[in-house]
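Student: Top to bottom, those sequences are chains A, B, C and D.
Those letters in the first sequence? Residues -2 to 142, per my numbering, in order.
Those letters in the second sequence? Residues -2 to 142, per my numbering, in order.
Those letters in the third sequence? Residues 2 to 83, per my numbering, in order.
Those letters in the fourth sequence? Residues 2 to 83, per my numbering, in order.
Any given hint could be a false lead.
[Said to hold, decoys possible] Far from chain B, by Cβ distances over 12 Å, these chain C residues were calculated: (1) GLY34; (2) GLU37; (3) LEU38; (4) ALA41.
[Stated by the list, open to error] Ranges of calculated distance between the beta carbons of each label pair, as one might list FRET restraints: (5) B/GLU21 x A/GLN8: 34 to 42 Å; (6) A/GLY40 x B/VAL85: 44 to 52 Å; (7) C/ASN43 x B/SER17: 43 to 51 Å; (8) B/ASP64 x A/LYS52: 25 to 33 Å; (9) A/ASP64 x D/GLN33: 26 to 34 Å; (10) C/VAL21 x A/GLY40: 51 to 59 Å; (11) C/GLU37 x B/GLU65: 16 to 24 Å.
The set of hints was computed from the structure by calculation and includes no laboratory data.
The beta carbon of each residue, even a glycine, is placed where N, CA and C say it ideally should be.
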Amino acid sequence: MLQVWIDITDQPLNASEVHSFLYESNGGGVCVFAGVTRLETNGKISTSLSYEAYKSMALKEIRRLADEASQRWPILRAVVLHRIGTVVVGEPSVLIGVATAHRGPAFEATRFLIDELKKSVQIWKKESFEDGSQEWVAASWQDLD
Amino acid sequence: MLQVWIDITDQPLNASEVHSFLYESNGGGVCVFAGVTRLETNGKISTSLSYEAYKSMALKEIRRLADEASQRWPILRAVVLHRIGTVVVGEPSVLIGVATAHRGPAFEATRFLIDELKKSVQIWKKESFEDGSQEWVAASWQDLD
Amino acid sequence: MIIVTLRFFSVLREAFGAGVAEVELDPGTTGQGLIELLAANNDEFAAIQSVVRLAVNDEYVELDLQLSDGDEIALITPVSGG
Amino acid sequence: MIIVTLRFFSVLREAFGAGVAEVELDPGTTGQGLIELLAANNDEFAAIQSVVRLAVNDEYVELDLQLSDGDEIALITPVSGG
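Chain A extracted, bound-state conformation (with noise of 0.2 Å):
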């Protein structure tokens, strides 16, 4: 029953493909999330993020967190995609999005996803500046009981 669209590449990002899939599980309901990399960061000016995967343990761990998710939402369809390489300032580097039968499973599924993803996928993203400088972003385990 449930279909779920997870990638993990370098191409750009398409969300009127995560749009259509998602109509097409004739659910009601559709939420996307797109995660965008940001002009500004705690004051200093980005100008692009680097994304960096273990792709077959995120993919596995991706899958994991959308069984998960299906398992506490009625999830007709959902999706996936991380990219990876540089996402310049305006561009999506995630999109996750969930089709329901009704709109509010669809918003807490697809905020549960991203927040997870965040947690425990294994994706790493390095940061850089308009001064030329560049840092892999700090993250701890902590977020992740």
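Knowing the structure of chain A, use the given hints to seat chains B, C and D on it.
Tutor: Just chains B, C and D now, with coordinates in the frame of chain A:
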């Protein structure tokens, strides 16, 4: 600061344009909701929904809702598009989206906008079923409190 | 006499067979008076008159408002968009 | 001796100057033993070794696991995707 794209149109809604508009805010979190014509409602098979609007008043009410949302959340850009006329199964009748610096408010404001739109915006929906029957969707003002 | 424009939508448009109508009213007619007049002439409207809201020139009004010549009056039933 | 493949990402890839490395280990070496060996040879790794998790053949493992010939071992630092 706040940029809002509002429309009531008889043309198909374009999710790609909605995403692009929101990405251009340079915010990091973008949430988009699509309300799609559902195949089955209360056990009956639908073929389409048909929407009618009191356009001048509906546009004013949508703008009021966007203003209210922007007072409650730090919204960079917002989109509220509603289609009128016939919307077949699997096509969206409404697209709502919000861009914010971080993701939490984007989810909350998008949810607020679709919930409030359904309560107060002067648009009416008629369902067409595969048995040829049609009916205006019954509603009440009770949801308005 | 005053002349006002009425706008009907969805069930009311079908009940009255038109989306727009011009009607002549006695000066001093209130919103409530208009609703009673319409209910007396249309059973479908009468059945749901209690949930109808009036908007004059795109703003909701109280039913005791006296209508004016040239008013554009929308009869709004509970909405169901989205 | 056993031979295992190590996979490094992000800060660790830069610290070790490579994404993949094959290393020879004594039979019976544990995950903890591998981490101590790497920390002794690389200061950057030593500084963050306490937050590194080991995955063997794409599954997280406890550090007391004895490594086997042919294992693919990923050294996973806290993630930051999205």
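Student: Does 44 to 52 Å hold as the CB distance between A/GLY40 and B/VAL85, or does it fail?
Tutor: 49 Å, holds
Student: Within 34 to 42 Å or not, the Cβ separation of B/GLU21 and A/GLN8?
Tutor: 21 Å, violated
Student: Does the Cβ distance between C/GLU37 and B/GLU65 fall inside 16 to 24 Å?
Tutor: At 35 Å between Cβs, range violated.
Student: Kindly confirm whether 26 to 34 Å is satisfied by the beta carbon distance between A/ASP64 and D/GLN33.
Tutor: Since A/ASP64 and D/GLN33 have Cβ atoms about 31 Å apart, the given range 26 to 34 Å holds.
Student: Quick check: does the Cβ-Cβ distance between C/ASN43 and B/SER17 fall within 43 to 51 Å?
Tutor: 48 Å, holds
Student: Would the non-interface assignment of C/GLU37 survive a Cβ cutoff of 12 Å against chain B?
Tutor: 20 Å, holds
Student: Regarding the assertion that C/ALA41 does not contact chain B, is the least Cβ-Cβ distance greater than 12 Å?
Tutor: 23 Å, holds
Student: Evaluate the condition: distance from the CB of C/GLY34 to the nearest CB of chain B exceeds 12 Å.
Tutor: Its Cβ never comes within 12 Å of chain B, the nearest being 22 Å, so this holds.
Student: Can the suggested window of 25 to 33 Å be confirmed for the beta-carbon pair B/ASP64 and A/LYS52?
Tutor: Cβ of B/ASP64 to Cβ of A/LYS52: about 44 Å, so the range 25 to 33 Å is violated.
Student: Per the hint of 51 to 59 Å, is the separation of the Cβ atoms of C/VAL21 and A/GLY40 within bounds?
Tutor: Cβ of C/VAL21 to Cβ of A/GLY40: about 56 Å, so the range 51 to 59 Å holds.
Student: For C/LEU38, which was marked as not at the interface, is the minimum beta-carbon distance to chain B over 12 Å?
Tutor: Answer for C/LEU38: holds, closest chain B Cβ roughly 21 Å.
Checked against the numbered hints given earlier, the structure breaks hints 5, 8 and 11 and satisfies all the rest.
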